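J.: In case you want the letters, here they are:
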Amino acid sequence: MGDTKKFMMINRKAPYGTIYALESLEVVLIAAAFEQDVSLAFLDDGVYQLKKGHQTKGIEVKGFEKTYGALEDYDVEKLYVDQESLAARGLTAEDLCVPVEVMSRAELGKLMEEQDVLLSF
Amino acid sequence: MKFGIQVNEGPYTHQASDSAYQFTKAALEKGHEIFRVFFYHDGVNNATRLTTPPQDDRNIVNRWSKLAEQYNLDMVVCVAAAQRRGIVDEGEAKRNGKDATNLAPGFRISGLGQLIEAGIQSDRMVVFGD
Numbered sequence: 001m002g003d004t005k006k007f008m009m010i011n012r013k014a015p016y017g018t019i020y021a022l023e024s025l026e027v028v029l030i031a032a033a034f035e036q037d038v039s040l041a042f043l044d045d046g047v048y049q050l051k052k053g054h055q056t057k058g059i060e061v062k063g064f065e066k067t068y069g070a071l072e073d074y075d076v077e078k079l080y081v082d083q084e085s086l087a088a089r090g091l092t093a094e095d096l097c098v099p100v101e102v103m104s105r106a107e108l109g110k111l112m113e114e115q116d117v118l119l120s121f
Numbered sequence: 001m002k003f004g005i006q007v008n009e010g011p012y013t014h015q016a017s018d019s020a021y022q023f024t025k026a027a028l029e030k031g032h033e034i035f036r037v038f039f040y041h042d043g044v045n046n047a048t049r050l051t052t053p054p055q056d057d058r059n060i061v062n063r064w065s066k067l068a069e070q071y072n073l074d075m076v077v078c079v080a081a082a083q084r085r086g087i088v089d090e091g092e093a094k095r096n097g098k099d100a101t102n103l104a105p106g107f108r109i110s111g112l113g114q115l116i117e118a119g120i121q122s123d124r125m126v127v128f129g130d
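Chains as they are written, first to last, in the numbering used here: chain U, 1 to 121; chain E, 1 to 130.
Derived from the structure by calculation, the hints contain no laboratory data. There's no promise every hint is true.
Lysine-lysine pairs mimicking DSS-like chemistry, simulated, CA-CA at most 27 Å apart [as the list claims (entries may be wrong)]:
no., chain 1, residue 1, chain 2, residue 2
1, E, Lys-30, U, Lys-110
2, U, Lys-52, U, Lys-13
3, E, Lys-98, U, Lys-62
4, U, Lys-78, U, Lys-5
As the structure is a prediction and not an experimental result, all values here were calculated from the model.
Take the sequences, apply the hints, and build the full model.
T.: Spelled out as structure tokens, the structure:
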């Protein structure tokens, strides 16, 4: 292979309730292992994936908040969050468990246009 | 054009699986190349040969198998997603001590690297999901 492409994983679903967020993270880690240019976008309920303080004991599901914090160890440092989605849910960047770049929908759309591969979860 | 296809939803519960099939078939009939179809999340359930839909309904699994045979399609089922959902080939049965297999003809089980490779090698990656 050897080629590098710009991959953006688009996360639109809440972290628990469905398996999309967890299995999306698995794709992120593999893409990083393949040394691709990986970024993550969070919009709609996907912004809840980054909310500080996941507590999953009550629903008997393994929590994975820590994985977001570990992404930088895999050189995955481009995390983009949709401002409107945050605002609609009463959240700000301070509520999130990792540093992110908050941007407007239009800016996020521009970034998506620059990608080679968009994988949505 | 060279396409990569990702299927994220299971058969019969979600249109994504039908749409992915119809897109793939139409692309092939138009002379395009499909680098790979990758089944992820509940999409791995498209690969069980044990489905028995009513006779007057489409057979989604057989349909994929037939397309694979006709066009020599590479259809890959994610191993981790398959293990969670009980999609098993002989190698997996042996490795995990299972007493049966259910992988339909034309599918193979492999890792997520195959999805990333499809993204790298294809001109366009098309995701069918919820």
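J.: If a hint holds in the structure, say so; if it does not, say that too.
T.: Now the hints, each set against the structure:
no., hint, in the structure
1, E:Lys-30 with U:Lys-110, "violated, 31 Å"
2, U:Lys-52 with U:Lys-13, "holds, 16 Å"
3, E:Lys-98 with U:Lys-62, "holds, 25 Å"
4, U:Lys-78 with U:Lys-5, "holds, 14 Å"
Hint 1 from the earlier list is the only one contradicted by this structure; the remaining hints agree with it.
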